[in-house]
Amino acid sequence: MTEAAALRNRAEALAAPLPVLLAEAEHLASTVLLGEHGRRRAGLGDQFWQYRPATASDEARSIDWRRSARSDSHFVREKEWQAAQSVQLWVDDAASMRFTGDRNRPTKGARARLLAMALSVLLIRGGERVGLFDEELRPGRGELQLLRLAEVLSRPEAAADYGAPEARGMLHHSRAAFLSDFLGDPAPVEAQLTKAADRGVRGALLMVLDPQEEEFPFDGRTIFESMTGAVRHETLKARDLRSRYLERLAQRKARLQDLARLTGWQASVHHTGEPPLPALLWLYRALERRR
Amino acid sequence: MWVLGPIGFTAPTLLLGLLALPVLWLILRAVPPAPIRRRFPGVALLLGLKDEDHQTDRTPWWLLLLRMAAVAAAITGFAGPVLNPVPERLGEGPLLVLVDGTWADARDWPRRVARIEELIGEAGRAGRPVALVALTDLPASDLPFQAADAWARRLPALEPKAWEPDPAALAAWATGLGGDFETFWLSDGLARESRAELLEALLVRGPVTAFESPRAVLALRPARFEEGEVRLTALRAVPAEAAQVEVAAFGLDPSGIERQLATAFLRFESGATEAEVALSLPPELRNRVTRFALTGQRSAGAVTLTDDSLKRREVALIAGQGERERLRLLSPLHYLEQALEPTAELIHGTLEDILLANPDVIVLADVARLTAAEAEGIQAWAEAGGLLVRFAGHRLAASDVSRDDEDPLMPVRLRAGGRSVGGAMSWGEPKTLRPFPEGSPFHGLQVPEEVTVTAQVMAQPDPTLAERVIATLADGTPLVTRKALGEGQVVLFHVTANAEWSTLPLSGLFVQMLERLAISTRPAEPEATDLAGTVWQAEEVLDGFGNVREAGTLAGVAGERLAEGRPGADMPPGLYAGEDRRIAVNAIGAETVLAPAAWPAAVTVEGIAVAEETDLKPVFLTLALMLLFLDVLASLALAGRLRGPRQGLAALLVLLLLTPRGAEAQTADDFAIAATTEVVLAHVLTGDPTVDGVAEAGLRGLSELLFQRTAVEPALPMAVNLETDELAFFPFLYWPVTADQPTPSPEAYAKLNRYLRSGGMILFDTRDANLGGFGQATPNGRKLQALAAPLDVPPLETVPPDHVLTRTFYLLQDFPGRFASREIWVEAAPPDAEQVEGMPFRNLNDNVTPVVIGGNDWAAAWALDERGVPMFPVGRGFAGERQREIAYRFGINLVMHVLTGNYKSDQVHVPALLDRLGQ
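Protein chains in written order, with our numbering: chain A, 1 to 291; chain B, 1001 to 1919.
No lab work stands behind these hints: they were computed from the structure. On a predicted model such as this, the values are computed, not experimentally measured, just so you know. Note that CB positions come from ideal geometry on N, CA and C, so glycine has one too. Any given hint might turn out to be false.
DSS-like cross-link-like pairs, simulated, lysine-lysine; straight-line CA separation at most 27 angstroms [stated by the list, open to error]:
#1 A/K253 with A/K237
#2 B/K1050 with A/K253
#3 B/K1050 with A/K237
#4 B/K1783 with B/K1751
#5 A/K253 with A/K195
Computed far set for chain A versus chain B, every beta-carbon distance over 12 angstroms [as the list claims (entries may be wrong)]:
#6 E3
#7 A60
#8 L137
#9 S154
#10 D185
#11 L249
#12 G264
#13 E274
Here are some chain A residues the structure puts well away from chain B; computed CB gaps all over 12 angstroms [claimed, not checked]:
#14 D64
#15 S68
#16 R70
#17 S73
#18 A94
#19 T100
#20 L144
#21 G184
#22 A197
Isolated chain A, as found in the complex (with noise of 0.2 angstroms):
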């Protein structure tokens, strides 16, 4: 517990000095409960959004006669779409996620975990429903729900080489965002993808990598082996490797990207060399600005 505890503490002081994050609702229909703030657009909700001029389908009721009064035409009045937005998110909990480049420098998983766990306080700060993609931790709000998310998160790790994400429980028009180095197999992800932009999910991809692994900084006859020793790779110059390696990481980063913009979600790539924060600001502002 105390590990937990020490992350959310981490989380907390990451968290600190961002605004409340208010993710935008977009649909309001499977996510019925409101949240407490708005989507930047007409739909059901508290607060004026805007006057637009009626049209034949507008009901009479509709009308805003107050407003109307004061010109020729019909208005009617359009309040602001509230709704509390469900977040899922996946951290990448396999065997490759516990690789560091140096001893000095976190893990991919600690960094991942700090990540989601940050965004998940700056979530359920901005009032937002936060989950994981698993059965025990369905999207909640409150510290409670912090509590649980950092006790879950800092379970140990699975034993697979590489991490698929597993979104079983997902919610219809949520918001979701995969944490990964997603050096596995991209098959899974894109099957998720896939089935998240079936249902409607949104979201970001977070690509979690050592700065080694961008840089291949290698040479001489090496055995590469995965975390676990499943899958190993003999090279006798791994110099001669890296421009291709690196091609096939552009490669995979390109795939990314795609299946981000074909299922309207977004990707980007964090460096565990790199601070979290300005990964946080983009998870953050990834969840928030869909329009």
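Assemble chain B onto chain A, guided by the hints.
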């Protein structure tokens, strides 16, 4: 020594190094330092990526294999591999190496010596004393045991003898053996009675190992002369499968050089040990045969010398009475012919011709007068060993020959007239013969009662008469007299050779007397009694290998020993000359039978073949070096450093390594193939590049024209170097003459003459008809004369208007080239060539003229460049082109003439042929 199959190793421990090869394999792979293990999640992206320069980084397997092979070869090489290592033979105590040393050993004597050398060497290494004894050359004293080296030094002097061991001497030697020793017996493989006894004696002393060669022993019995044929019998020891051996007869040719005169094949039937062949030789040839030998057999047993028994003497018969027609029975030669025909070769003819034939005997029947030249010739011939036999007769009796002075060609002086006894006009009875006295060649012949003499010529009583008489009549008057004349002798029968004066020619005694005089062939084998008391001197002897050698100063052999027949050290096989004849002693007698030696079970029999111990070390080391060299090249190539000049150099080196020898033969073959695949015109290289180029271009142009216009489709012309190239492939040679070309060598001239004789044609072109007519002294003309002098050129004439050259393809009368001289020389027509009435031309030579000589520079007129445009101008304007056209037509006619001969000339016969066909 460690032996593995046929290969042994002198330093086998070094082979353990081969165990290091797998380790070396790992090292030689040239793998970088041990790999770093890295945990790296990005490995998923690496999967499937291959190292780009995998090929160089990891040594390719074939290069690795090359290096391994090199190292393996080096290791194996240093381990001292030896092919067919000689196994060590264990044994102790003194060693006796016994060689039969007979003619049968000679067939593989070097191998035997090698085997002995090896056995002695082994014994030497084991420190055993060795004695080497040849049974045909037994040591006088006890076994000569000595150190092995001493024997090894003397080994080259060991030779097989042409005879077999003397059984008696062998037995005596065998009983005298003492001490214990081991015996290695190198047997010749023939059964011999003396062998068993000796073997018994040796087995008492110690173990015996026999060595025998599997190679067949072949021998040749002496040639027999039967029914006009020479019969030869070959023997073999082991009745094996059917086989065929060749027998060759050797003898002197007329110029005195020994040659192979005849060959025949002897066929052994399967399971037979004897093979016979009858050789029918012309007497001329047969008399020259000195020996028969089985070809490919190097032993005295395979050679049989021939002696007089095979010879038939050549007897020249000359009668005095010209060519008058007479009754046959009265012919002075009839009875001689009858008597001699079966046993001698008779020669008829004029005395001059006969003397040239150098007969053994000349019989002059009643020849009185000889011209001085004839007499001189006969005397010279007789003094060189000829036997002159004269018969008396009317002419001799009537002549003055040897009347007052003894004629050199008469044994005695004759009294005038002779005498007649028992005739119608005389008193007394016809005389009979007195028995032949001792010392007479006729001694021992029975004198028949019925032989009577009615007339004879009488000898003058001279002091020498008594010793010259070899037969007398009952009253003591000489009937046959003889005197020596140089090497030869003169014999006079005082009666006629026909039955006119005596009945002697009618009796069998006549034949016997002729035989005794060695006029006719004697019986083959002399009787022992004949030989008793005589001494024979060896003229030629055979050594063990069957080579005939001069006998030198060998001691004479007693006739008794000769009659015994078995050759030995005291009587080596050879040709023995006695007083009046020669007898051959051969290693193989007429009754000899060969049988393989049988060894008891106590004797180990081994093969004689010494597998040659071959040191393979150099081979392996060279192989290793070559592999390393290849490795260097291959490594450089792999590293990409084999570029530019280095590449060329390396390719050159590899080529040098791989180039098989004998490339020259290849080119000669290529030349022959190129020249014979199609018709090829050729020109002789003069050494002047311009002239050669023009000649080549000219022939190319001519070839093209031939191709266009005729059925002759020549390939590109070829240049011919007279010294090196074969000429026989070319139907036609164009020979431009330059003033300074080298004169061909005598060999080249021989080749040229052969070429001309076998139907080739050379077109000599002095290319100077513009300077002066042919035959005038231009430099080229003089050179042509010098060049052609050694050639076999027939008489020449300028081309007659009806020469076949004028009509082989085109009808021509001019033969211009670049110049238009009309003087073209060809082989002259035979002087008797007559023009037949109604024929347009004479029936001329039946051959292709071997040379055509002119100076019109035809090649220049024919020459076409690569585009088919004439290279040189000819004449002027249209007339010049016409001249070129005629020049081409001449060339076509010439080639047609070469290829078809006088085919067009044969048209003279067309009317006759049509007539014969009834048209």
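Evaluation of the provided hints:
1. Distance check on the hinted pair: A/K253 and A/K237 sit about 25 angstroms apart at the alpha-carbon level, within 27 angstroms; holds.
2. Our distance criterion of 27 angstroms between C-alpha atoms is met by B/K1050 and A/K253, whose separation comes to about 22 angstroms.
3. Note on B/K1050 and A/K237: the hinted pairing holds, with a Cα-Cα distance of about 10 angstroms set against a maximum of 27 angstroms.
4. Annotation: proposed proximity of B/K1783 to B/K1751 holds, straight-line Cα distance about 20 angstroms (limit 27 angstroms).
5. Of the pairs offered as hints, the one joining A/K253 and A/K195 holds, with about 20 angstroms between alpha carbons and a cut-off of 27 angstroms not exceeded.
6. Listed as outside the interface, A/E3 is consistent with that label: its C-beta sits roughly 23 angstroms from the nearest C-beta of chain B, beyond the 12 angstroms cut-off.
7. No beta-carbon of chain B comes within 12 angstroms of the beta-carbon of A/A60; the shortest separation is about 63 angstroms.
8. Every Cβ of chain B is farther than 12 angstroms from the Cβ of A/L137; the closest lies at roughly 26 angstroms, confirming the non-interface assignment.
9. At the 12 angstroms boundary, the C-beta of A/S154 stays outside the reach of chain B, the nearest C-beta of that chain being 21 angstroms off.
10. With a minimum CB-CB distance of about 8 angstroms to chain B, A/D185 fails to clear the 12 angstroms threshold, and the non-interface call is violated.
11. Some Cβ of chain B comes within 12 angstroms of the Cβ of A/L249; the nearest lies about 6 angstroms off, and the non-interface call is violated.
12. For A/G264, the shortest C-beta to C-beta distance to chain B comes to about 27 angstroms, beyond the 12 angstroms cut-off, and the non-interface label holds.
13. Every beta carbon of chain B lies more than 12 angstroms from that of A/E274, the smallest distance being close to 18 angstroms; the non-interface claim holds.
14. Its beta-carbon lying about 59 angstroms from the closest one in chain B, A/D64 satisfies the requirement of being farther than 12 angstroms from that chain.
15. Once the 12 angstroms rule is applied to beta carbons, A/S68 is consistent with being away from chain B; the minimum gap is 63 angstroms.
16. The claim that A/R70 is not at the interface with chain B holds, since no C-beta of that chain comes within 12 angstroms of its own (minimum 65 angstroms).
17. In this structure A/S73 is separated from chain B by more than 12 angstroms, as the shortest Cβ-Cβ distance comes to about 62 angstroms.
18. Non-interface call for A/A94 relative to chain B: violated, since the shortest CB-CB distance, roughly 9 angstroms, does not exceed 12 angstroms.
19. With a minimum CB-CB distance of about 10 angstroms to chain B, A/T100 fails to clear the 12 angstroms threshold, and the non-interface call is violated.
20. Separation of A/L144 from chain B is adequate, the least Cβ-Cβ distance of about 34 angstroms exceeding the 12 angstroms criterion.
21. Listed as outside the interface, A/G184 is inconsistent with that label: its C-beta sits roughly 6 angstroms from the nearest C-beta of chain B, within the 12 angstroms cut-off.
22. The Cβ of A/A197 lies farther than 12 angstroms from every Cβ of chain B, with a closest approach of about 25 angstroms, so its non-interface assignment holds.
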